[in-house]
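*Asks:* Here is what each chain is made of, one letter per residue.
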Amino acid sequence: MNVEMISVLSAGIAVGLGAIGPGIGEGIAVAGAMGALARQPEAVGTITRTLFVGLAMIETMAIYCLVIALLLLFANPYVHA
Amino acid sequence: MTERASLNALVVFQVGPIPIGLEVVTTWVIMAVLVGIAWFGTRRLSATQPSRFQIILEMVVGFLEDLIRDVMGAEPEVFLPLIGTLFLYIVTCNLSPLIPGVKPPTAHVETTGALGLIVFFTVHSLGVRQRGLLGYLRTYLEPTFIFLPLNILGEFTRTFALMVRLAGNIMSHELTIAVVIGLAGLFVPIPFMALSILVGLVQAYIFTILAAVFIGGAMGTINTNTP
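Protein chains in written order, with numbering that gives the first Met the number 0: chain A, 0 to 80; chain D, 0 to 226.
The hints are simulated quantities; they were obtained by calculation from the structure and are not laboratory data.
Hints should not be assumed to be uniformly reliable.
Said to hold, decoys possible - Residues from chain A that face chain D, not an exhaustive set, calculated with beta carbons under 8 Å:
1) R48
2) V52
3) T59
4) I62
5) Y77
6) V78
The model shown is predicted, which means the values in this text are computed figures rather than measured ones.
Just so it is clear, CB atoms sit at the ideal spot from N, CA and C, and this is done for glycine as well.
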């Protein structure tokens, strides 16, 4: 296996594994927001805004993995193409 | 290499030693369009008989004012120019790929890095102006002095996250649409493009809210009872 093969493989692994945690986390966050909305429908504005900010924070982890994968694929410092 | 162009800027022309990329030109066009809309919309303002266009603009401004008032707990007059411009610019950038042939400037980390730096310096200058230099520096010792390295690290990582989140989301959607177009023909990418409208609006909203939260947090105006 040369560097290119390892880079492509690890890029796939990075995104695939890195999406698991944020997926679970966003599911929990949305479930909590749905429960809160069912109990207090009048607080929809605050809940939605806080949910979006929280989802953005959770999603950042997946975006970091995506950045690592894109760096490995397109801007790999160890591959001199 | 064509695939490298998705990360690196496409140089259009050079001004002296400075290469001007395609997204900078796109940014100039978007700036001109926004200024033109603002000039055209505010030419004949009327309190009694507002035109349709004036009502649309007032809805946008009112939405931004409500957002600032809710998130920051402060009167929006001071912050509306910065926060509103950030939102309008990012929305226009994110929706610009709906015009065929246009690439969104926010898909590149340079553009969002500039926006992140604007937010970064605004946070500190407004925080110092509101609390005084010593008062502002003292907030880094909260809740105890052990948190000092974490607070300083947090300043940089949250700005970095702000920058990478916007660029990563928009760029990954562009790549997804490109891959889908490469895989399957004519009408299959349309749902993905519709989804990219939603993603663009949500990401612009998130960037705006986070900028407002950071600035409000540094100034200490955020009402902690209603986050």
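*Asks:* Hints first: check each against the structure and report whether it holds.
*Replies:* Against the structure, the hints come out as follows:
1. R48: 7 Å, holds
2. V52: 6 Å, holds
3. T59: Since chain D brings a Cβ to about 5 Å from A/T59, closer than 8 Å, the hint holds.
4. I62: 4 Å, holds
5. Y77: 15 Å, violated
6. V78: Hint violated; A/V78 Cβ to chain D Cβ min 11 Å, cut 8 Å.
When each numbered hint is compared with the structure, violations occur for hints 5, 6.
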